[in-house]
Amino acid sequence: MISQNIHPFVLSLFLSAMVVGSLALFTYRQSSPGSSLFALMSLFVALYAITYSFELLSSTLDWIWFWVKLEYVGIVSIPVTLLLFTLVYTEQNQWVSRRSVALLFVVPLIVLLLVWTNLWHGLFYTSATVEEINGHSQFISTPGIGYWLNIVYGYMLIAATFVLLIRTYITTTTFYRRQIGYFLVGILIPWLGDIVYVLFLRRVGSIDIAPVTFTLSGMVIAVGLYRYRLLDLMPVARSKLVEMTEDAWIVLDINDRLVDLNAAASSILRRKREHLLGVKIQTVLAEKHPLRACLAVVGERRWEVNLSTDDFVPHIYDVQLSFLSDWRRRPSGRLIVLHDITEQKMAEDSLRILNSQLESMVQARTAEIQAEKEKVERILQTVQTSRDQFIASISHELRTPITNLKLYLMLLEQMPIAEKGRQYQDILKIQTERLETLAQGVVELASLDSIQGMAYEQELPLDVFIASALGEMASTIETRQLQVRVAQPEEPLPRIYGQRSLVQKVIKELLKNAVAYSDEGGKISIQIDAVDHDEQQWVTLSVVNSGQGLSLVEQEKIFERFYRGTAVSQGNTPGLGVGLSLVWKIMELHNGRVTVQSHAQEGNTFTLWFPVTMLQVDA
Numbered sequence: 000m001i002s003q004n005i006h007p008f009v010l011s012l013f014l015s016a017m018v019v020g021s022l023a024l025f026t027y028r029q030s031s032p033g034s035s036l037f038a039l040m041s042l043f044v045a046l047y048a049i050t051y052s053f054e055l056l057s058s059t060l061d062w063i064w065f066w067v068k069l070e071y072v073g074i075v076s077i078p079v080t081l082l083l084f085t086l087v088y089t090e091q092n093q094w095v096s097r098r099s100v101a102l103l104f105v106v107p108l109i110v111l112l113l114v115w116t117n118l119w120h121g122l123f124y125t126s127a128t129v130e131e132i133n134g135h136s137q138f139i140s141t142p143g144i145g146y147w148l149n150i151v152y153g154y155m156l157i158a159a160t161f162v163l164l165i166r167t168y169i170t171t172t173t174f175y176r177r178q179i180g181y182f183l184v185g186i187l188i189p190w191l192g193d194i195v196y197v198l199f200l201r202r203v204g205s206i207d208i209a210p211v212t213f214t215l216s217g218m219v220i221a222v223g224l225y226r227y228r229l230l231d232l233m234p235v236a237r238s239k240l241v242e243m244t245e246d247a248w249i250v251l252d253i254n255d256r257l258v259d260l261n262a263a264a265s266s267i268l269r270r271k272r273e274h275l276l277g278v279k280i281q282t283v284l285a286e287k288h289p290l291r292a293c294l295a296v297v298g299e300r301r302w303e304v305n306l307s308t309d310d311f312v313p314h315i316y317d318v319q320l321s322f323l324s325d326w327r328r329r330p331s332g333r334l335i336v337l338h339d340i341t342e343q344k345m346a347e348d349s350l351r352i353l354n355s356q357l358e359s360m361v362q363a364r365t366a367e368i369q370a371e372k373e374k375v376e377r378i379l380q381t382v383q384t385s386r387d388q389f390i391a392s393i394s395h396e397l398r399t400p401i402t403n404l405k406l407y408l409m410l411l412e413q414m415p416i417a418e419k420g421r422q423y424q425d426i427l428k429i430q431t432e433r434l435e436t437l438a439q440g441v442v443e444l445a446s447l448d449s450i451q452g453m454a455y456e457q458e459l460p461l462d463v464f465i466a467s468a469l470g471e472m473a474s475t476i477e478t479r480q481l482q483v484r485v486a487q488p489e490e491p492l493p494r495i496y497g498q499r500s501l502v503q504k505v506i507k508e509l510l511k512n513a514v515a516y517s518d519e520g521g522k523i524s525i526q527i528d529a530v531d532h533d534e535q536q537w538v539t540l541s542v543v544n545s546g547q548g549l550s551l552v553e554q555e556k557i558f559e560r561f562y563r564g565t566a567v568s569q570g571n572t573p574g575l576g577v578g579l580s581l582v583w584k585i586m587e588l589h590n591g592r593v594t595v596q597s598h599a600q601e602g603n604t605f606t607l608w609f610p611v612t613m614l615q616v617d618a
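FYI, numbering that gives the first Met the number 0 numbers position 92 of the sequence shown as 91, with every residue one higher than the one before it.
Calculated directly from the structure, the hints in this document are not laboratory data.
Fair warning: there could be bad hints in the mix.
What the hints assert, rightly or not - List time: in silico DSS-like cross-link candidates among lysine-lysine, alpha-carbon distance up to 30 Å:
hint	residue 1	residue 2
1	Lys556	Lys507
2	Lys556	Lys522
3	Lys507	Lys522
4	Lys287	Lys344
5	Lys511	Lys522
6	Lys504	Lys556
7	Lys522	Lys504
8	Lys344	Lys271
9	Lys511	Lys556
10	Lys287	Lys271
Could you build the full structure based on these sequences and the hints that come with them?
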C-alpha cells in the first residue's frame, strides 16, 4: 500500500535511478571490453535505487518486505559485477570464467535466500517493524547474522577492487592514472556513504543514502567517460607488451585511437607518448607515411617498411599487425609491432654481395674447366686422328705385302714343286688368308670407331640376308654335314631399318661363327621373332648351334676385341677375335644389341636385337 505522505528523499532516488539507468544504456552500446559488465552493474544500482524508493513509498510491513526482497537483488549483485568489471579492465581475464563467476555469487545467493525467508528464521533481521517518523512510514529493523555476512562479503569484494585498481595505477602510465583516478573516486563515494550509513545513521533510524551516493558516483564516472574515455582507452595488453620493450609497439582501439605505445614507438612517431594517447593515428601519420598501409588491412599480416626515428636515421622495420579481443572474444583493437631488422638487412646485403663474388669466381673457374675440357677434347681428337691415320697406314702397309704374298703363291701353284713343298705352300696360303682377314677386320673396326653418327632409312630384309649368308657357306655346311633350320614367324614382322651392308655382315659373322663352332653333324637353328621387352618392341634374330658351349668367363669377354676363346687357343677351331667385336659395334651403332646364352656341352645362342622404331640411327 502506498503512503499518502510522499517522502522528499524519493525524488532523489528516482533521479538516481534515471541517471544510473541512462549510464547503463550508454555503456551497453559501447563495443569496448567490459562495457557489458559495467552496464549490468549500473542496472543493479538502478534497481537498488528504484526499489528503495518504493520501500519509502510503502506504508505497510508486507509491502515494505516485498520491496526489500527485490532491493537486495541489486544490493548483493553490485559488488560482484564491480569486481568482474575491474578484472576485465585490469586485464585479469583469466579470473573471469563461468566457474569463478558462479563462486562469486554463492554468498549473494545465500544472502538472498536469508532475506526472502527471514520471517521463518530471523537470521537476516532479528526484528522488523514499521514506525511513523516525521509523518512518514519507515522500516526499522535489527540486523542479524545474515545482514553482517552481506556487509562483510560486499566490503571484501570492494576492497579487492580497490587493490586491483591501485596496483594498476602504480604500474601504468600517466594517462591511465587519470582514468583510474576517476574510477576510484566513482567507487569510493558510494562505499564511504554506505559505511557511514551502516555505522552511524542506521542506528538513529535514518534513511539509506547509498542510492544517492551512487548518483554522485555516476556523475563522476560520466565525466571520466567523456573526458578520458574510461571504457574506450583501457590498458589493453600492456602487461604482455612490456616483455617486448626491444621492439616498438602500438596499441589501437577499434576506432584507430592510440591506446598505448612504448618509447621506441614514440621515437618513430616523433612525438611524446602523453601527446599521442587518445589521438587517432590518422592525425599523427603523414599522408604518405608507410604505416598508413596498416589502417586499410583486413586480417593479420606482416610486411617491411623503411622509417626514420626522431634522430632522422633511416631504419628498416618488420611490421606485424594482429588483432586484439576482449574476454568475450569480441574485437577490441589492433596491435602493431615494429621489429628493427636494419642490421639483418645489412647482413643480407653483405651476404648477397659475397654470393655474387662467389658466383663470379665459380663462373671463372667453370670457364677455366671448360677451356681445359676443350683442350683435352682437341688432344683426344688429335689422338683419334693420329690413330686413324696410323691404322690406315698400317692397313695399307699390311695390304701391300699380303697382296704380294698372294701373287707369289699363285705363281708357285703354276710351278712344279715336290709334295713336301706343296704342303708348305698350302700352310702359307692359309696363314696369308688369315693375315688378310685380320688386317681387314682391324680396318673395319677402325672405320666403325670413327663414325660419329648415322642416318639410314634402308629396310632390312633379314630373311634375305640369312639366305645369302647360308648360300656362301653351303659347301662348308655340306662338308661338315650340318643340319640348318630357318624358322619364319607366322605373322608379318614389323619393319626395321638400318645400313644393309653392315647388318648383312653381322648376320654373316654370326652364321660363320655358328658353323665354325658346331660339332660335325650338328644342328644350327635360326629364328626370327617380334618381342616386347623393357617397354620397347624389338625384332630378334637368334642363331642356336650345338657344340661345346662357352664358360661364364668366356661369355663375359666374348665380345671384347681380339679375345679368343678356349676352343681357339687350344687349336681346335680357327679364330682371330675380331668377328664378334664387329657384331657388337655394328649393333651398338644401330641402337640395338647382341646377347649370348650358353651352357656347357649344349651349344650357344646368339641373339640380335633390332629396335622396331629405328628409322633414323644416331650413334
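Status of each hint after checking the structure:
no.	hint	in the structure
1	Lys556 / Lys507	holds, 21 Å
2	Lys556 / Lys522	holds, 25 Å
3	Lys507 / Lys522	holds, 17 Å
4	Lys287 / Lys344	holds, 23 Å
5	Lys511 / Lys522	holds, 13 Å
6	Lys504 / Lys556	holds, 21 Å
7	Lys522 / Lys504	holds, 22 Å
8	Lys344 / Lys271	holds, 29 Å
9	Lys511 / Lys556	holds, 19 Å
10	Lys287 / Lys271	holds, 21 Å
The structure is consistent with each of the numbered hints, conforming to all of them.
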